[in-house]
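Just so you know, the protein sequences line up as chains A and B, in that order. Residue 75 in the numbering used here is what sits at position 75 of the first sequence, and the numbering runs on without skipping anything. In short: position in the second sequence from 1, add 1000, done, that's the numbering used here.
Hints are computed from structural coordinates only; laboratory data are not their basis. Check the hints yourself; a few may be wrong.
Unchecked claim - Just some of the chain B residues that point at chain A, by a computed CB distance under 10 angstroms:
#, residue
1, Arg1049
2, Arg1056
3, Pro1096
By construction, the Cβ of each residue, glycine as well, lies at the ideal position given by its N, Cα and C atoms.
Given next are the chains, with one letter for each unit.
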Amino acid sequence: MTDAELHARIEAGLRKEPRPPTIAEVRNRNIALVVVALAVAIATFEWWGGIRELSGKTPPDLASMHASGFAYPRPIWLMASTFAGTLAVTLLAWRVILVRSRDALGPPRTQLLAGLLLAPLSLFVWRVGWSAFWEGGLVWVDTRPGLRCFGLSLLLASPVLLALMFGRRGSDPVHPGWTGAMIGMTSGATAALFADLWCPVGNPVHVLAGHILPMVLFALVGAVAGRRILDLR
Amino acid sequence: MADDQHDDPHDPRLPSLIEALEASLREDVDVPLTDADRAMWAWCQGDDRSFDVIVRTFQRPLFCMFRRRTGDEEQSADLVQETFCKILRSRGHFRPGCKARPWIYAIARNLQKDDTKKWWRWSNIFTREAPPSEAASASPTPYEAANAAEIERLLAAMLKELPESQRTAFELVQLDGLSQQEAAAVMGNTVSAVKSLSHRAYCTLREKMTRLNGGPK
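Just chain B, same shape as in the assembly (with noise of 0.2 angstroms):
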């Protein structure tokens, strides 16, 4: 991290990330058929107007997990409208009786790992500025709205430092909402490796968290 304040021992935002770090973890629950399952269902079995529920169920949080990872938000909504694209012609492949998250976020995590292989989105990658908090308070103040923004930038850039499949997992267990079976998945890796990897990940970012608040290494 570029900023100097961040090598301050007694930074009073540091605390704060690793509040945002430990709210982060969630509990694994299985979670159950939805509105949005049946009508992925009704949909590959021709009813074309419940495609609509769909891409309302799953357009935003497709597009916070985008703007999480790539920071720009004109980028995202591309990727968004690319993923949604790929699954219409898809339809075929899709069963009914199977969760659409996981097919889904499969589909999306792809394209976001393609779209970071272009050259030229490298260039932006570090002169980007910090995306809007998705915690903020619905009326929040110009203090909180940037301690806001200024903690998840810190969290994403920590993010970024993990290795590719700690990193997947993490985001993807405890950020984008899976269960660890549909991030398994995703992943094509079995629930105990999911596990473990989600686990290493987060040690690394407390780890981290702790050294940069002046910490035992």
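The following block holds chain A by itself, in its conformation from the complex (with noise of 0.2 angstroms):
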């Protein structure tokens, strides 16, 4: 087959094909999209209750939490430096998802690896750590076994989820269960952001619970709709 033909038969199916978006129409899509799943995060948040300590709402369960020796409300300074800890680990795991190897083809396999074993691991001995500097951060509270957190971390990771893998789809020919596993990852620990500011308790077992078990949750369904959804093929 010459070079001609080889030509002319591609051209006959690039004509069939719709013009496709440039990298800043897809850019400007993506960062809109996400900007939506943010709001829709944080509105979301508003409604589960949003940052109690600092509003002055007391939760229902205060009587219990103080019977069982967690000083409610916590200082300004733990919350904040709590968050500012959480805050770093996810913002690192955006990076992951965020920056491309100089290839294209999306950050390596052993960075996504690193990234999917590193940031809950971090983001548990950071909170539950950093607890432990406070007098009774880490009591196990009867009314707080970790399922409203985890509750509030489904529906707070959910849209981000949505919003990367939509963003992404069609985009990794490599290794798209392990890109989507590190996104899902990025959106645990996006929602792990806001249950720290919402949620207390420091407890271990709450911990892992109900804010670093929807981390890994999300980790496996994104591996598992990364493969279907971010696969080039």
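Once you've looked at the hints, go ahead and assemble the two chains, each given alone in its own frame, into the complex.
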């Protein structure tokens, strides 16, 4: 087959394709999607209760918390510093999924794997470790096993996961499953940011069940969804 | 291989096969940015005319890659067409400043993997005629053309027997002309892994050819 014949065959196929969006159009669309997703997450967070410790609202299980030895509300310095640590981890997770390699094929698998392992581990160590500096920060509260935090995390992470998956659909020809898993983990970490502001409890079991488990769950969902949605085939 | 002549330890074509294998080995060099890379960046940012440069640069290498793996010109042309359609649809996901070749080859490789899974392809794989040799001279004699085609067929048959990862690494680096770093990006692997896979493939091929030639096992 000559070059001219091959070129004609290619052109015949390309003529049927609609004009694809440019990089700038895709980037603007993705930014809009993420902004909308974060706006939905913030609205959901406010509907859920927001930052009660700053607004002066008392939680319904305050008596139970005091009976367990938990000194509600947390001092501002503890809230702000806990949030700052979680924010740092979340931003690093976002960086992993946003920064591409020099070959436009996404971050290397080792980087994605490192992000998948280190993000939940560092969030757990930070949240529990930092709460240990506050007297009563690690006590177990019977009315706070982590179910509400788990539910809140699912609600907040879902719009972020949908926005990132939709924006990156058909973009990864090499390891869409791993990329999807990291996108899921990042969505979970973003939800953990809000959950840290709402939830004062630093008990390790509570943090694992209510804050870390949603991240792992979303990573699994992201891995499965990524193989179908992100795959460039 | 079905041909009885390949069991003959004194088959005069076999030394040429080893020479063809040795000739395919190349030093790894990091390919600098090319006009095709710049055309890709321009096209991704909105210059629709630059896509023609990308098509003309990669159509023949992709066609040769597909033909080497499928043995069928029509099927290879279809795959090339489909590859460029997918590249077109994915314009917004490419990053200016990146190299185009690894991205394009990753898309092509996925298409080829999907294509071989289609069951109706398998019925034709063992009955296809040998593709014309890429290394054939401008005016080969009938003997030269037949010999080059036969060597390419033997090499292709041996490559098919390799494990998928070794075969892919060897083909990307030695036959498709990608650098080890580019091949690593396409395979989603490390450079050292690609180097190791490619080398193991070469050693396996060489051992097979030496054994066929009646050499030490």
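To see whether the hints hold, each was checked on the structure:
| no. | hint | result |
| --- | --- | --- |
| 1 | Arg1049 | violated, 13 angstroms |
| 2 | Arg1056 | holds, 7 angstroms |
| 3 | Pro1096 | holds, 7 angstroms |
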